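Following the hints, position chain B against chain A.
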Amino acid sequence: MRNAKPEMRIIFIVILLLFFAFLIAPLIVLLFRSFVTEEGVGFSNYMTSLSDETLTRAIGNSIKVSSTAAVITTTLAFALAYAVNCTRIYQPLKNAVKAGILIPMLTPTITYGFAIMYTFGNQGLLTKLFDRNLFEIYGFNGLLIGYVIYTLPAAFLVIHNSFKYIDKKFIIVSKLMGDGTLRSFLNTVFRPLLGALGGAFVLSFILSFTDFGIPASVGGTYEVVATQLYQAMLGSIPDFSIGAVIAVLMLFPALVGVFLLNYLERFNFHYDKFSETELTPSKFRDSFFGTLSLVILLAMVAVFAVMFIAPFVTAFPYDLRFSWQHITDVFQSNDLVSVYGNSLLVAALTAVFGTVIAYGAALLNARTPLRGKQTVDIFSMITNTVPGMVLGLSYLLLFNESSLKGTFLIIVLCNIMHYFTTPYLMAKNALTKMNPSWETSGELLGDNWLKTVYRVILPNSVSTVIEIFSYYFINAMVTISGVIFLVSAQTTVVASKINELQHFAKFNEIFVLSVLIFLTNLLVRFVCEALQKRAAIYKK
Amino acid sequence: MLELKNISKQFDQKVVLENIDLKINSGEIVSLLGPSGSGKTTLLNIILGLTRMDQGKIIFNDEDVSNVGMKNRGFNIVFQDYALFPHLNAYENIVYGLRNQKDTASAEEVREYIDFLELTPHLKKRIGELSGGQKQRVALARTLVTKPKLLLLDEPLSALDGVIKESIKERIKLIAKEFNLTTIIVTHDPEEALTISDKILIINQGNISQFGTPFEIINQPSNDFVKEFILRQLQIKRQNIYNLFGEKYA
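As given, the protein sequences belong to chains A and B, one line each in that order.
So the numbering used here is basically just the index in the first sequence, starting at one, shifted up by 1073.
So the numbering used here is basically just the index in the second sequence, starting at one, shifted up by 30.
Just chain B, same shape as in the assembly:
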């Protein structure tokens, strides 16, 4: 279980996050949803240990990790642009971390991850030769091989198009279930957040606007921001789909 207690952060006098307080259960997928500049990426980086918080505590499985460095926290992230190493091929990227900690994953386990992400045909390819979806899966594999206790994903779908997006979405859900891995996803897209996660944390101007399940957010929006910013978009999308397919598909 991950507990965030009263987390606050300022950059040059400007408040970026204020009193962020929440609990995330093991194996849950939680999305951090908000417009750009809302502080969601900062929160992700604070959880990762990359950015220092000014106030608050991070408790992971009853252990206070607030002052544990990024490297020792045992969490891992897939960046929006994947940050794959272009001079290595897909396989070399995936096993990069094993050079440092040989016993984290056995050869057998590595093969399982590769199979699971359907990367076997692409292992010898250079990063430049991979498609967006393939890069995303290589980055996921590279991260999973280190067996993180918490998986962080920064805008994992924003660089992908249509069909690939849906398949990666399913893949992420499968990973969380298969490895019982708590996953936190940053996104600015309400549809994405509501269809992938167990719970959504809506952030606006550094504050929690609402934290709840997709059902709660759709049916009991807690304020105007959630209504206007989040639900409105979905309603317009729904209307467009209705117009295309006709009301009978509603």
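Chain A with its partners taken away, still in its complex shape:
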């Protein structure tokens, strides 16, 4: 309909070039490297890797522990989402669930591992309380707990969002039609949520399968794919070809998972109209789900509690007297302060440039008549599929000889690509919903396209822009899998530093740094929410 403007084309070309250089090219190089051997090109790397018993065992272990975690996570996430959406439990408890569930998102996964060690380990908080070891935490059990905590927020959000699209009136209709509890539940809650439950399972599985932080801390001798990949690349005998093979193998379940997610989308119901409906009272239902969500929440808080206790006592768990010693030690260490500074810098740059790129890409896709704009959707599907470790590794392979190696820039770019999908979809969603005639109106009133974007489109999507900024910032702050192959001595960030510190058993430093990340993220979240509230009032 409307004609594409030159300025749209320029932005489009810049975005295309960025994605070709920092997403497509590295992945092609990775794939290529997995086939190259000293004798030429072939499948021999795959043969060697797959005949290696340790690796095949690691793959089996990864599948086993990730799927177990996904089952538990989906069940817990559903129970919490049900409690929030379909019961009449005390409102503050609902709010506590909605806020508390997000806590794990604010800390690096590697920290969970140490928190689990300090809670369930030989000298752990709960071990002391129960006066015995509850179970062996290094290996399967530790990984399982870690993965469940790690993926619970994401799974909860998927199911919780779908609950919003369920018309609760059907629950009442079903009751009026004489359905029993089970039939009513299956027809009005379970069936409409089937797609979301499947989605939560797949998401939880992929996240667990590709995470590096948790196995790096509590994996023990239990081999999983992520630790094998790390060993192949940064172990005692680095082998880039084998690393490339493992990365491709790691990509595979993620690929299947994304296809599954798209397939499951079909099971989702889309009601266009629904009204707020009062829920029927039920004492049993409410007390059951109230207790359950309280227990889940407390269990999670209990694991994280140690992170906030350990750094503030003299010598956890032997001498529990309050002390500032560990905090002041960290702040007096130039090394650790600069690492925290690096993290802040990387997160801020990722947030700023990531927001510009994701918003720009969404703007072109949602609100311009550009030809070929669908390419951006394909990029976003690719970034959704590629695990952080795989992306980081492919950067290492492509840029190892270039001047980008060991710079902050390469880390920032990797983060922007790694986390591109969600911000892009958020922006696209918001921009598509806006009145399609604004650009035409602006033009008729004398604006050029960029001016309308600046004067009309941007002010009406401020809230989404802030959301994208905080998403990028927080994720860049906590990611370890994406950056572990890219950091150098000068560009170490907190998450990768924690991985180093564990070899020197410097757990107090680990917890202080984790608390710092947590508080920084919390602060960013609060500021962003406050700004969003202001934007909302201003719009009313």
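Since the hints were derived computationally from the structure, they do not count as laboratory data.
What you are looking at is a predicted structure, and each value in this text was computed from that prediction instead of being measured.
Each residue gets a CB set at the ideal place from its N, CA and C atoms; glycine is no exception.
None of the hints are false.
Chain B is nowhere near these chain A residues, computed Cβ spacing over 12 angstroms in every case:
id, residue
1, Leu1090
2, Val1262
3, Thr1565
Okay, the calculated bits of chain A under chain B, using three or more residues with CB under 8 angstroms as the criterion:
id, region
4, 1505 to 1514
5, 1529 to 1540
Chain B only, in chain A's frame:
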């Protein structure tokens, strides 16, 4: 005077408009009337310059504007959903265009438009706080401030209810007269078209079915489509009104 010469348009092989040929005199109100999918909105967008035509010419005051871009054509439109900017208040919406062309309207003139559309009490309101009729008037004001040479209105009454509809109708007539502004209105409602306009262009399946004054259309319908689709509706409405009030009010 606006002249459309042989305008044709296809979308993906499908003919949307065919050989549209007509003249509209200055200051006239003309309605484009037809069922949905008849091509009337496409024709409006072609006149505006938003949609490219495949064939034909648009002559405005003896000047061929066929290849003049939307922005430079000097026409303006009020969209069906008004497309007001929700982050600005009513007044900021009205003067939006003045930031770009400061000399189009003086402060005095802006106040006149605002007074004329009776918007003074609503200027500080957010768009979300305005009623449908108020939004329509703000959108009209925003457009009029740019002093368009031709005013295009896309379904201006369809989102409004009862009494407001009639008052906006009168307002549009007044605007055309007061500013001697040629106005083209898209509508699917025969009653609306016949009561607001000087001439009506009835479009069916991309072709002109009839072009004439309300009197001509009522008394000399040129084909079955006009009779069946346009007049039939009005006759049923008339019958309903008779039934309500009795024949004596006929």
